[in-house]
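Work out the full structure: start from the sequences and follow the hints.
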Amino acid sequence: MGKKSALTPALIVIVGLLTISPVLMLLAGSFSEGFGTFEGFTTAKYVEAYTDPELFGILLDTSIFTLGSAVVATLLALFLAYVNTRTDIPFKSFFGVISIIPMMIPHILFSVSWVLLLNPSNGILNRYLMGLFGLEKALFNVYSMKGMILVEGLLDMPIAYLILAPAMSAFDVSLEESSRACGAGGFRTLTRVTLPVLRPALLASVILVIVKALASFAVPSVIGTPGRIYVLSTYIYRIIATGFSADYGLAAAVGMSALVASICLVYLYRYLTSESERYVTVSSRGFKPALIGLKRSKYPLLGVIGLLSFVLILLPVLVLFYTSLLPYVMVPDAKAFSLMNWKNWEEVLRDPISLLSLKNSLALGLGGATLGVILSIFVSYVIVKVRTTASGILESLTFLSFSFPGIVIGVGFMWFFLRTPLYSTIWALLIGYIAAYLPYGVRPLSSAFVQIHSALEESSKVCGASSFTTLRRIVIPLLIPGIVSGWILMASMFLRELNLSVVLSRPGTEVLAVQILRFAEDGLWGRLSALGIIMILISSALAASASLLGKSLTKR
Amino acid sequence: MEIRIRGLTRDFHSEGKRIRALDNVDLTIPANRIFTLLGPSGCGKTTLLRCIVGLETPDAGEIAIGDRIVWSGEKGICVPPENRGLGMVFQTYAIWPHMNVFENVAYPLKCRNVPMKEIRTRVARFLEFVQLEGFENRPATKLSGGQQQRVALARALVAEPKVILFDEPLSNLDAKLREETRKELRKFLSGLDITAVYVTHDRVEALALSDLIAIMRAGKIVETGDPRRVYFRSGDRFVADFIGRANLIPGKVAALEGSHAVIETGIGAIVGSNPRGIEPGEEAVLCVRPEFIRTAVTGAAGDRNLFLGRVETLLFIGEAYEGEIRINETLVTTTISPTADLVEGSDIRIAFDSDHCFLLPA
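First to last, the protein sequences are chains A and B.
Mapping of the first sequence onto my numbering: position 480 corresponds to residue 480, and the numbering continues sequentially without gaps.
To convert, count from 1 in the second sequence and add 556; that's my numbering.
Hints were generated in silico from the structure; no laboratory data involved.
Hints should not be assumed to be uniformly reliable.
[What the hints assert, rightly or not] Below, a list of computed lysine-lysine pairs in the DSBU-like style, where the Cα atoms sit at most 35 Å apart:
#1 B/Lys-743 - A/Lys-385
#2 A/Lys-551 - B/Lys-739
#3 B/Lys-776 - B/Lys-573
#4 B/Lys-732 - B/Lys-743
#5 B/Lys-673 - B/Lys-698
#6 A/Lys-359 - A/Lys-343
#7 B/Lys-718 - B/Lys-776
#8 A/Lys-551 - B/Lys-673
#9 A/Lys-92 - A/Lys-551
#10 A/Lys-385 - B/Lys-666
#11 B/Lys-718 - A/Lys-385
#12 B/Lys-718 - B/Lys-631
#13 A/Lys-385 - B/Lys-776
#14 A/Lys-146 - A/Lys-92
#15 B/Lys-666 - B/Lys-631
#16 A/Lys-551 - B/Lys-698
#17 B/Lys-732 - B/Lys-776
#18 A/Lys-146 - A/Lys-335
#19 A/Lys-385 - B/Lys-808
#20 B/Lys-739 - B/Lys-673
#21 B/Lys-739 - B/Lys-698
#22 A/Lys-92 - B/Lys-698
#23 B/Lys-673 - A/Lys-385
#24 A/Lys-137 - A/Lys-385
#25 A/Lys-146 - A/Lys-385
#26 B/Lys-776 - B/Lys-808
Printed below as a string of structure tokens:
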């Protein structure tokens, strides 16, 4: 009993240190002179930040970008969820695949692949279409607000789908049927019954995508910056990463508004999801709503979905692989194929900084995920099994980092580490990663703990097993699926981490995503693609071996 | 093995309030009997069971299983559940989902370091006993509720404990399966030299299964006895009402007639058995079960235990009518033959069987 009562406060201290301290340091930093010292309380940085006429334009662009991405992602997800749950479309298991794509392709690589396809000077798709129709100018310039919204919307679509699909399948069809019985047509039923009932879920989806887009750095930096479109995240990056001296005080002052907006939105999201649970009418078990027969529109629809999956999964990987084999970006033709070689790969594998970033990212992925999962096990145990007021505090602390825009909290961590020996070490990155991605480990582990009903442990004890045997034979085996999925999630997030890393990574602690960003800034597309493919391969290999290991452990 | 419980007390604290789940309980559970703890929810029966197993720590008192004290507040003894050598069937069965049937049942033997060869033969024997032979490799998640219940029983029995405990094991089965399982369970247990402690809130289950029943209320044991005794000779108003349907008619004892007594009630004088020896002049309650009220009797008003009334309500429930009969201001519930020629509002003559109605203290 004594151990248990010490565990909760200890975890509150650890998690609080991880999630609250960067916020406090950000706050303190924003009221400082701005050179890594806290001497002298001043509001000078706020005055400087919020009187800059440029900020107004940036806030406007940020709003357009986040709202636009949210609308694109939600509409796409609504379409997919509707087709999947309510029609007799074949290959339904495919929809599950679409929902896990963000696991497979890092956002920065996805953004780069769209630059390679649609940039105005030598975008492969643009060039191809120009040749096809004999055009003088590129059809589509990806370096634009439209391009940013399109790519961010596609990237965030799975998040919207994960919210909308369960709401859609829990939807009680008799609500629609009674509307039809009252004499309303199909369209009227859709607009007057179906969509209003789904409104909380739709709003929740829009809000969550806005939060994600607000935190997004890959799309604004790879696509927005070359087109001179800045949003909050890239503006903060510009303040700290360019010019003669990085002004962390100014960055903190600007970042505070992003942080506050994000936290407010996440609270609104939580409120709405608790609301939507009340709204959604779950029908009795075994009840399957009548599916809409698609008849002739089945194959066109299937074509649309096939194209979407191609665009989301295959195309980026193909474009990257293709580019990695070429000396410069060109349309696939006979000449291109004659020029193909492995030069980019060789250069990347000989480049000391690329190799260092590979080593650092691997170490952070393996070590960080392992430490993160261990912490998540204890945190989830306290949240699910101890259930006191203190464990409620722990839960709020843990999920606080869910609302952190990565680059902003990176600035907070910068202030935190500046005066410590951890500054500019790989440990700074490790701590930052675990803090920012703790919910990714705690989610799957809490649901694993929920499944371990206390009677399962009690019956083991009555059967004659000691506490240790019960832990080894009952609790751990039942936790393994949660441990594995938590580990895979954290490892793949850490391997591709960009938002925190652009702030915390220093010479010597380069990581993969930052190195890819450098290649993009220098226009070294071939090397970038080679390194990107290596990153995807490592990430998939880690996920595959972790799930194999998990399977063999549960078998025994 | 006999289980002896002395002065057992257990408090729960919730929202600043103290709830006494067990209030100074004294109880002796005799060896090799099926002993049921019966009571409404929240009466402390499950807490008592969990204290015996060791999953709950009492605040005071003593528990001994056989000659061994497993918990004593005074002597500071606390044997953990794994060392008490008991078997238990949980309400949810607690079948481990990551193991198959064989692994679930073999678990207690593995914990006792029994050699693998013997484990195989013993698991096979007990799976046969619960009629699950051939299910060894079935994953636990692929079992029906009834099968899970049998696996749980086999697992609780496999290490051949001297005591087995059941926490409402039939409450998750549907009504029909519950009746069958009840019969089987009685057969299984009476074939073994084992003390069974069974917790339930279902009076029919308790009556059908048990050798002895203890009825609990608000953390206390109100009455203990064999099923016939608690049904026919209860000394407690709450028990008489809880254990079966009952008409409880208050009155005052007028005279004694050997083992019987005359009680003056709102509907007149009634003769009933007086197992508790209540003295004339004392307040008492007469308990009559609906099935022991005879209808369609001949005789005149003023005959002993014969009353005239009017049928107030009449419900046809298949095997019988359930009738409410008004005599003066008192409503009496009776079971009437389904072939009786009656309608609501009919006049009716009813008679109480003086050997099957009994007096208990008010």
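Hints versus structure:
{"no.": "1", "hint": "B/Lys-743 - A/Lys-385", "result": "violated, 39 Å"}
{"no.": "2", "hint": "A/Lys-551 - B/Lys-739", "result": "violated, 42 Å"}
{"no.": "3", "hint": "B/Lys-776 - B/Lys-573", "result": "holds, 19 Å"}
{"no.": "4", "hint": "B/Lys-732 - B/Lys-743", "result": "holds, 17 Å"}
{"no.": "5", "hint": "B/Lys-673 - B/Lys-698", "result": "holds, 26 Å"}
{"no.": "6", "hint": "A/Lys-359 - A/Lys-343", "result": "holds, 21 Å"}
{"no.": "7", "hint": "B/Lys-718 - B/Lys-776", "result": "holds, 26 Å"}
{"no.": "8", "hint": "A/Lys-551 - B/Lys-673", "result": "holds, 28 Å"}
{"no.": "9", "hint": "A/Lys-92 - A/Lys-551", "result": "holds, 25 Å"}
{"no.": "10", "hint": "A/Lys-385 - B/Lys-666", "result": "holds, 28 Å"}
{"no.": "11", "hint": "B/Lys-718 - A/Lys-385", "result": "holds, 33 Å"}
{"no.": "12", "hint": "B/Lys-718 - B/Lys-631", "result": "holds, 24 Å"}
{"no.": "13", "hint": "A/Lys-385 - B/Lys-776", "result": "holds, 31 Å"}
{"no.": "14", "hint": "A/Lys-146 - A/Lys-92", "result": "holds, 31 Å"}
{"no.": "15", "hint": "B/Lys-666 - B/Lys-631", "result": "holds, 32 Å"}
{"no.": "16", "hint": "A/Lys-551 - B/Lys-698", "result": "holds, 19 Å"}
{"no.": "17", "hint": "B/Lys-732 - B/Lys-776", "result": "holds, 32 Å"}
{"no.": "18", "hint": "A/Lys-146 - A/Lys-335", "result": "holds, 32 Å"}
{"no.": "19", "hint": "A/Lys-385 - B/Lys-808", "result": "violated, 56 Å"}
{"no.": "20", "hint": "B/Lys-739 - B/Lys-673", "result": "holds, 33 Å"}
{"no.": "21", "hint": "B/Lys-739 - B/Lys-698", "result": "holds, 25 Å"}
{"no.": "22", "hint": "A/Lys-92 - B/Lys-698", "result": "holds, 25 Å"}
{"no.": "23", "hint": "B/Lys-673 - A/Lys-385", "result": "violated, 38 Å"}
{"no.": "24", "hint": "A/Lys-137 - A/Lys-385", "result": "violated, 63 Å"}
{"no.": "25", "hint": "A/Lys-146 - A/Lys-385", "result": "violated, 48 Å"}
{"no.": "26", "hint": "B/Lys-776 - B/Lys-808", "result": "holds, 28 Å"}
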